[in-house]
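Asker: Each chain, written out:
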Amino acid sequence: MMNTRALVPVESIDELAARVADGASVAVAPDYSGCAMEVVRALMRRGARNLHLIGVPQVGFQGDMLIGAGCVATLETAALTLGEYGPAPRFTAAVREGTIVLRDATCPVIHAGLQAAEKGVPFMPLRGILGSDLVGHRNDWKVIENPFAKANKEDPILLLPAIRPDVALFHAPLADRWGNVWIGVRRELMLMAHAARTTLVSVEAFSDEDLLADDRLAAGTIPALYISTLAKAANGAWPIGLFGRYAPDHAHLQRYVEMAATASGFEQYVREYVHKQRVSA
Amino acid sequence: MMNTRALVPVESIDELAARVADGASVAVAPDYSGCAMEVVRALMRRGARNLHLIGVPQVGFQGDMLIGAGCVATLETAALTLGEYGPAPRFTAAVREGTIVLRDATCPVIHAGLQAAEKGVPFMPLRGILGSDLVGHRNDWKVIENPFAKANKEDPILLLPAIRPDVALFHAPLADRWGNVWIGVRRELMLMAHAARTTLVSVEAFSDEDLLADDRLAAGTIPALYISTLAKAANGAWPIGLFGRYAPDHAHLQRYVEMAATASGFEQYVREYVHKQRVSA
Amino acid sequence: MSSVPVPARPEELLIFTIARMLDDVRHVAVGASSPIPGAAALLAQTWSAGRMRVSVLGSEHDNFFTDGGRELFDCAAQGRIDAFFLGGGQIDGAANINLIGTGEYPRNRIRFPGSFGSAYLYFLIPRVILFREEHSPRVLVPKVDFISAPGCSPDHVYRPGGPYALVTGRCVFAFDRKHSRFRLTSIHPGHTVTEIREQTGFEFDTSSELVETPAPGSETLALIRGPVGEAVSKVYPAFAARVLGINAQGVA
Amino acid sequence: MSSVPVPARPEELLIFTIARMLDDVRHVAVGASSPIPGAAALLAQTWSAGRMRVSVLGSEHDNFFTDGGRELFDCAAQGRIDAFFLGGGQIDGAANINLIGTGEYPRNRIRFPGSFGSAYLYFLIPRVILFREEHSPRVLVPKVDFISAPGCSPDHVYRPGGPYALVTGRCVFAFDRKHSRFRLTSIHPGHTVTEIREQTGFEFDTSSELVETPAPGSETLALIRGPVGEAVSKVYPAFAARVLGINAQGVA
Numbered sequence: 001m002m003n004t005r006a007l008v009p010v011e012s013i014d015e016l017a018a019r020v021a022d023g024a025s026v027a028v029a030p031d032y033s034g035c036a037m038e039v040v041r042a043l044m045r046r047g048a049r050n051l052h053l054i055g056v057p058q059v060g061f062q063g064d065m066l067i068g069a070g071c072v073a074t075l076e077t078a079a080l081t082l083g084e085y086g087p088a089p090r091f092t093a094a095v096r097e098g099t100i101v102l103r104d105a106t107c108p109v110i111h112a113g114l115q116a117a118e119k120g121v122p123f124m125p126l127r128g129i130l131g132s133d134l135v136g137h138r139n140d141w142k143v144i145e146n147p148f149a150k151a152n153k154e155d156p157i158l159l160l161p162a163i164r165p166d167v168a169l170f171h172a173p174l175a176d177r178w179g180n181v182w183i184g185v186r187r188e189l190m191l192m193a194h195a196a197r198t199t200l201v202s203v204e205a206f207s208d209e210d211l212l213a214d215d216r217l218a219a220g221t222i223p224a225l226y227i228s229t230l231a232k233a234a235n236g237a238w239p240i241g242l243f244g245r246y247a248p249d250h251a252h253l254q255r256y257v258e259m260a261a262t263a264s265g266f267e268q269y270v271r272e273y274v275h276k277q278r279v280s281a
Numbered sequence: 001m002m003n004t005r006a007l008v009p010v011e012s013i014d015e016l017a018a019r020v021a022d023g024a025s026v027a028v029a030p031d032y033s034g035c036a037m038e039v040v041r042a043l044m045r046r047g048a049r050n051l052h053l054i055g056v057p058q059v060g061f062q063g064d065m066l067i068g069a070g071c072v073a074t075l076e077t078a079a080l081t082l083g084e085y086g087p088a089p090r091f092t093a094a095v096r097e098g099t100i101v102l103r104d105a106t107c108p109v110i111h112a113g114l115q116a117a118e119k120g121v122p123f124m125p126l127r128g129i130l131g132s133d134l135v136g137h138r139n140d141w142k143v144i145e146n147p148f149a150k151a152n153k154e155d156p157i158l159l160l161p162a163i164r165p166d167v168a169l170f171h172a173p174l175a176d177r178w179g180n181v182w183i184g185v186r187r188e189l190m191l192m193a194h195a196a197r198t199t200l201v202s203v204e205a206f207s208d209e210d211l212l213a214d215d216r217l218a219a220g221t222i223p224a225l226y227i228s229t230l231a232k233a234a235n236g237a238w239p240i241g242l243f244g245r246y247a248p249d250h251a252h253l254q255r256y257v258e259m260a261a262t263a264s265g266f267e268q269y270v271r272e273y274v275h276k277q278r279v280s281a
Numbered sequence: 001m002s003s004v005p006v007p008a009r010p011e012e013l014l015i016f017t018i019a020r021m022l023d024d025v026r027h028v029a030v031g032a033s034s035p036i037p038g039a040a041a042l043l044a045q046t047w048s049a050g051r052m053r054v055s056v057l058g059s060e061h062d063n064f065f066t067d068g069g070r071e072l073f074d075c076a077a078q079g080r081i082d083a084f085f086l087g088g089g090q091i092d093g094a095a096n097i098n099l100i101g102t103g104e105y106p107r108n109r110i111r112f113p114g115s116f117g118s119a120y121l122y123f124l125i126p127r128v129i130l131f132r133e134e135h136s137p138r139v140l141v142p143k144v145d146f147i148s149a150p151g152c153s154p155d156h157v158y159r160p161g162g163p164y165a166l167v168t169g170r171c172v173f174a175f176d177r178k179h180s181r182f183r184l185t186s187i188h189p190g191h192t193v194t195e196i197r198e199q200t201g202f203e204f205d206t207s208s209e210l211v212e213t214p215a216p217g218s219e220t221l222a223l224i225r226g227p228v229g230e231a232v233s234k235v236y237p238a239f240a241a242r243v244l245g246i247n248a249q250g251v252a
Numbered sequence: 001m002s003s004v005p006v007p008a009r010p011e012e013l014l015i016f017t018i019a020r021m022l023d024d025v026r027h028v029a030v031g032a033s034s035p036i037p038g039a040a041a042l043l044a045q046t047w048s049a050g051r052m053r054v055s056v057l058g059s060e061h062d063n064f065f066t067d068g069g070r071e072l073f074d075c076a077a078q079g080r081i082d083a084f085f086l087g088g089g090q091i092d093g094a095a096n097i098n099l100i101g102t103g104e105y106p107r108n109r110i111r112f113p114g115s116f117g118s119a120y121l122y123f124l125i126p127r128v129i130l131f132r133e134e135h136s137p138r139v140l141v142p143k144v145d146f147i148s149a150p151g152c153s154p155d156h157v158y159r160p161g162g163p164y165a166l167v168t169g170r171c172v173f174a175f176d177r178k179h180s181r182f183r184l185t186s187i188h189p190g191h192t193v194t195e196i197r198e199q200t201g202f203e204f205d206t207s208s209e210l211v212e213t214p215a216p217g218s219e220t221l222a223l224i225r226g227p228v229g230e231a232v233s234k235v236y237p238a239f240a241a242r243v244l245g246i247n248a249q250g251v252a
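Protein chains in written order, with the working numbering: chain A, 1 to 281; chain B, 1 to 281; chain C, 1 to 252; chain D, 1 to 252.
I should point out that these hints are in silico values taken from the structure, not numbers from a laboratory. Be careful, since some hints might not be right.
[Stated by the list, open to error] Just so you have them, the derived chain A footprint on chain C, three or more residues with Cβ under 8 Å:
id	region
1	96-105
2	115-129
3	142-150
Remember, it's a predicted structure, so these values are computed and weren't measured experimentally. Even for Gly, the Cβ is constructed at its ideal location relative to N, Cα and C.
All chains, full assembly: derive it from the sequences and hints.
Answerer: Right, dumping it as structure tokens:
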């Protein structure tokens with residue numbers, strides 16, 4: 001049988017991270033989805049700069065860490081939340097100091113913007129939102145009269161521009177050697193891959209079986225067509241946890257929040273868990 | 001453990017078909033997806049009238065049969081095709097005689113219209129299509145200038161109205177007793193269910209296992225929330241075939257095309273395979 | 001089931017109070033970090049004999065969405081979600097909510113996580129219940145510093161949804177959409193109108209039928225501490241253990 | 001592999017001809033009922049040493065879409081499909097194609113199935129190869145009765161894609177988008193310019209470098225009848241059996 005599928009390159013975590021150029025817009029998943037924490041640490045080690053970070057539709061520890069490390073110029077998200085761990089210390093500090101540009105959004109705007117990119121259209125309409133102060137602060141959003149409204153009936157509707165990230169970056173439980181990536185019901189990851197120019201994925205493991213050949217697995221699989229580069233990272237979502245695989249490392253996350261309360265504590269965290277980790281890897 | 005999910009009623013095929021009111025808009029799948037042929041035959045037996053049939057994005061034998069039986073007033077589709085079996089005889093005759101209203105579309109318009117209904121927005125923009133004679137014949141489509149175009153740059157773009165079918169009707173391999181329906185990679189069926197007011201599904205079989213509890217099955221499952229009523233129909237997509245389960249009955253489909261070449265031959269087909277079949281069931 | 005019933009705890013009163021607002025609701029969605037509304041939804045579901053659906057967002061349990069992060073929002077826009085809960089770092093008397101921060105945007109004095117889906121869901125879900133346990137002038141302000149989502153919209157704006165009530169640790173306000181004002185309708189046991197006026201930064205009306213918030217009866221308490229509590233413990237284990245004394249393996 | 005090579009069959013010439021047009025393409029999509037373009041894509045893929053992707057639509061084999069019927073169209077709009085094939089009940093000299101029917105719409109004299117995705121993909125896929133084996137004045141008309149999809153668009157219309165060539169059973173035309181005209185570039189063995197003029201209903205230019213369509217060499221024929229044929233037989237079993245004498249279990 002011919003090989004009918006082109007291969008996706010598999011690289012080291014640092015090589016994968018090197019594909020995230022300084023200044024790139026980078027879409028990442030929330031803590032309950034697939035977070036490529038090994039790659040995030042590699043970006044912090046490298047000292048990536050001027051990233052435009054996009055939470056799909058929100059972002060958690062990844063955002064706080066990258067902001068703390070000075071990697072982020074712009075944050076576009078519906079929220080930066082550490083959930084039960086309380087206020088995000090480095091984000092809060094950056095907001096207070098004005099060191100990052102905020103493009104506050106609301107969840108469905110991010111999804112709709114990515115769907116516009118997925119469909120190759122310049123914009124997507126969305127109901128609601130009008131009257132939110134978000135609208136006044138987002139000069140890239142437009143309000144038009146609904147062209148399909150009944151004659152003479154006022155019906156303003158918001159149009160959101162397509163969001164086409166330079167990079168979609170996430171972690172997934174499994175890939176096969178053709179480059180197909182299994183994400184199960186976490187389809188915001190598929191949307192990210194469809195919408196982005198480049199999709200970088202770290203995975204827990206590789207399967208020798210074609211994920212698309214099993215109709216149960218295929219239903220939750222992003223085809224290799226959308227995957228630019230893969231890297232293997234067992235436990236790669238640590239300390240956040242990975243859907244269906246492993247839980248968050250509560251003790252470590254608690255420790256992060258405590259250490260990151262101050263700039264110097266955060267620096268110590270980075271030395272201990274971002275730089276040293278690598279030496280031992 | 002509490003039952004935390006509301007139940008979806010399971011009815012007979014005829015009861016399910018009775019939920020398709022005369023005059024309803026009914027979205028159906030193409031031959032390569034899930035076709036509820038038992039229900040289609042029940043509609044023909046009942047003599048359903050004035051249906052607005054929507055192919056998602058095209059329709060095959062279901063359309064030819066329903067048109068032949070006089071059930072269809074309007075056909076909205078990107079194509080009515082019997083594939084390798086050649087021209088669709090009852091469709092062709094109805095076009096010649098002018099007995100159905102045609103709302104010719106192109107595939108992505110149907111998908112985008114359903115996505116607009118899925119998102120609860122009145123319209124969806126789409127690239128391409130401009131200059132097709134379809135545009136002139138569809139007075140429900142609108143062309144606007146892209147509000148996101150660069151200043152003074154002409155950039156017309158088509159807006160399509162939402163398609164919200166009264167009924168989504170399809171056949172699927174499996175449901176569970178909570179009403180969740182497995183459709184694998186055939187996600188146009190999920191889109192139909194999201195977009196429609198009522199979703200009627202016939203299934204090959206019922207599972208006692210919760211489809212949403214297995215993360216591989218969940219990825220290809222429509223949650224019960226979107227399913228209005230279920231019916232069991234083993235081999236229910238015959239003679240068309242069902243993805244992943246059974247192949248088309250080529251001999252029978254060939255026989256259909258031959259018999260349906262004339263109005264009287266079609267009537268004989270209906271007597272033999274639509275009415276009699278029921279008596280023996 | 002607990003063999004020695006104790007009087008309703010404050011959280012149980014809130015659970016019962018919110019659950020009563022979910023009568024006849026077909027589908028309620030609730031956040032994974034909202035244990036009291038979540039428990040209320042599970043209680044109301046029990047009353048409905050299973051006819052009500054409860055979606056717990058971001059949870060692996062009772063989350064039956066299979067179309068990714070966008071599905072909740074699409075589902076709401078389709079009219080398939082009847083009730084939802086929102087909070088707010090600040091809430092004002094016109095039911096505007098602020099999830100962005102205090103002080104001037106973007107360099108807020110105190111920054112909250114962000115608006116999440118509030119600016120959307122508040123418009124599209126018919127019965128949005130505002131819930132905030134802290135009832136103080138810091139939270140309930142005359143005017144929010146940032147409108148993440150407005151309480152009301154002009155008539156011509158498409159808005160099938162909006163605020164229904166505000167439940168706090170001290171009382172319940174109903175929301176009058178026509179006049180864009182809250183109306184105090186019930187006061188939790190042990191609290192007073194005077195105290196509520198002092199602790200509320202916005203003006204509000206008072207119902208002519210102002211009552212004490214009804215406490216759950218022994219039957220309801222048995223439900224909360226029994227089968228509902230078990231369900232709660234699967235979704236909100238920390239809350240169930242701390243408040244209801246139930247661990248995920250069963251009744252403690 | 002066939003041990004006694006026979007000269008190229010007409011279908012093999014077409015497969016080879018179309019495959020040569022797919023040089024340097026990263027991803028080609030092809031319909032499940034398009035065996036000759038499909039075989040050409042699989043041949044080109046072999047030449048690419050596996051770097052080229054081939055998506056066979058509506059097939060359970062080599063169809064790696066997992067987002068439902070819309071994915072092909074979204075994928076094209078994202079710029080991830082470089083080449084595609086369209087046919088037409090009628091094709092005119094401006095590369096307009098008609099998949100609706102002859103005579104006046106909507107009560108067409110002869111009704112075709114419908115426009116499918118042509119009105120979209122023709123705009124968005126850079127290299128659309130028109131393929132129609134029947135080369136007659138009935139098919140290649142001066143002006144189509146219905147434009148399912150136009151060959152050209154005004155400059156201000158967003159259109160990264162469009163017609164690249166027209167391959168028939170008699171010859172190959174290249175399409176000149178600037179002048180909106182076909183140019184005869186090669187004639188299949190056994191056919192003549194005069195015959196092509198008679199059988200073509202539209203006007204066309206003739207290349208100054210008009211050649212006979214190159215036939216596949218023995219190496220390519222061995223590929224078509226060997227490993228490519230095996231792959232073809234998995235997707236287009238009836239075609240592989242009838243034309244290449246290969247059944248799905250291997251070489252006949």
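Asker: Which numbered hints are broken by the structure, listed smallest first?
Answerer: Failing hints: none at all.
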